[in-house]
Amino acid sequence: MNARIARLEALLARVAARKDAPRSGGGSVGLAATAASPSPLGPGALPEPEEPRALVEPLPLDSPSIIPPSASPDSLDVPELDAPLIEPVPDSVDVTEVELDDEVPESGPVATPKSEALAPDSEQPITPPPESVEELVAPAARQHVSEPAFVARSRPNLAPTMEQLGQTVDLDEGDSKSTLELDEPGLDETTNEIVITPALRSQPAFSAPAQSQGSPSTPVDASPQIARRAPLEASVVAITSQADARSPRSFLDLIDAALRLK
Amino acid sequence: MTPRFDPTKAILFDLARGQMRDDEGNARLNLPAALLVRLCEQAGPAAAQDFAQSLGSDVGRRIESRLGQHIKTASLEEWTDHLGGQLALLGLGDLSVERWGQALTFVVSSAPAGCTTFIGQLLGAALQRALARQVELVAFAEQSITKYLLVAPDTAAKVSALVQSGQGIGQVVEQLKQGAA
Chain A
0 MNARIARLEA LLARVAARKD APRSGGGSVG LAATAASPSP LGPGALPEPE
50 EPRALVEPLP LDSPSIIPPS ASPDSLDVPE LDAPLIEPVP DSVDVTEVEL
100 DDEVPESGPV ATPKSEALAP DSEQPITPPP ESVEELVAPA ARQHVSEPAF
150 VARSRPNLAP TMEQLGQTVD LDEGDSKSTL ELDEPGLDET TNEIVITPAL
200 RSQPAFSAPA QSQGSPSTPV DASPQIARRA PLEASVVAIT SQADARSPRS
250 FLDLIDAALR LK
Chain B
0 MTPRFDPTKA ILFDLARGQM RDDEGNARLN LPAALLVRLC EQAGPAAAQD
50 FAQSLGSDVG RRIESRLGQH IKTASLEEWT DHLGGQLALL GLGDLSVERW
100 GQALTFVVSS APAGCTTFIG QLLGAALQRA LARQVELVAF AEQSITKYLL
150 VAPDTAAKVS ALVQSGQGIG QVVEQLKQGA A
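Protein chains in written order, with numbering that gives the first Met the number 0: chain A, 0 to 261; chain B, 0 to 180.
Each hint should be verified, as a subset may be incorrect.
[Claimed, not checked] Quick list of in silico lysine-lysine cross-link-like pairs, DSSO-like style, CA-CA up to 30 Å:
no.	chain 1	residue 1	chain 2	residue 2
1	B	Lys176	B	Lys71
2	B	Lys8	A	Lys261
3	A	Lys261	B	Lys71
4	A	Lys261	B	Lys176
Derived by calculation from the structure, the hints in this document are not laboratory data.
For clarity, every value in this text was computed on a predicted model and none was experimentally measured.
Chain A on its own, in the form it takes in the complex (with noise of 0.2 Å):
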């Protein structure tokens, strides 16, 4: 009983200390944001609070509604306090925190589910600014990753337009910018190699020339077919697929018929 005594005036004196001291509105934010996400979210992704009063009203040891006055320290439902206390709790997240984010509703954008599946590079704009050449390369550097068929669809894009026919196009720029394609940080060789794969495609194939072209001309029945003694097969498949291929005409009609050539 002293044990709970001793833990609750360490409570009272913990909030006590929280109550007189100056308030960040940026670490009660993300409070909130720690309690409904268990990942935590940089500092710099989250919204300046808009009334940092407002945090200050729920304390609860404040409110008659957890400790009644009436109530003395024996009769104190002690579990239900020391409950979320003896739990084990991420470092990042204070007791006291836990209890202002069940009231404070105007976190609830920042804890939304579309914000909890951001990740630290998502964090760069969507669609890039048109002035920026490294942002419109890197978009397109990750596609190429996962998907190696859009880059043999941007190849056309490379062409110059009818405005540009007839104009000095500096071939460096150009170049430049695949360059940067190919150097940009965290694509690896397999990357390049995806990249480069395509344009070898597009290559035209050299093939060699067939030698039946250099050959005379053969006759059309240049490769016989030979007549030996049948082997043994036990194979039923194979037995009739030699039965099919055997010739339908008797050895007497193949005489007769080579009698013809003249």
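With chain A fixed as given, assemble chain B onto it according to the hints.
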């Protein structure tokens, strides 16, 4: 069902009596091939041809007796089996038959040297005896084998001229096919 070639007891050696006999009981001789070739050369082409045709006619008769009623309905493979078996019993090489479209070619390998013409005449006579067809076989000597193209007697001279001009069997068959068309 067409009977297959059976070489069992085709040649019987009676060493006690110093005799060789075939399965029909006829006496056989075991002679050196080179001596027999020399004898044929000294006897002249006509005598050698008569000897080869007589031997071939006996082969045809044997095949006819083995095939019986299947003699005219037997397939190419069955004929190759019997004709090749008889040729092997004589020690005249290994026989196979090739079909070059409409043409038929008899290929003999591992035959004794100097027997090219002899074997061609023997095979022609065997076919003539068994099938009652006038045939001639023109030889195309290659490295270790000899191919015999089966033609009609009136076509044999033309084919021989083509062979003398250096044309191969494929070219000859092509020309014969164009002439028959």
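Tell me the hint numbers this structure goes against, listed in increasing order.
2
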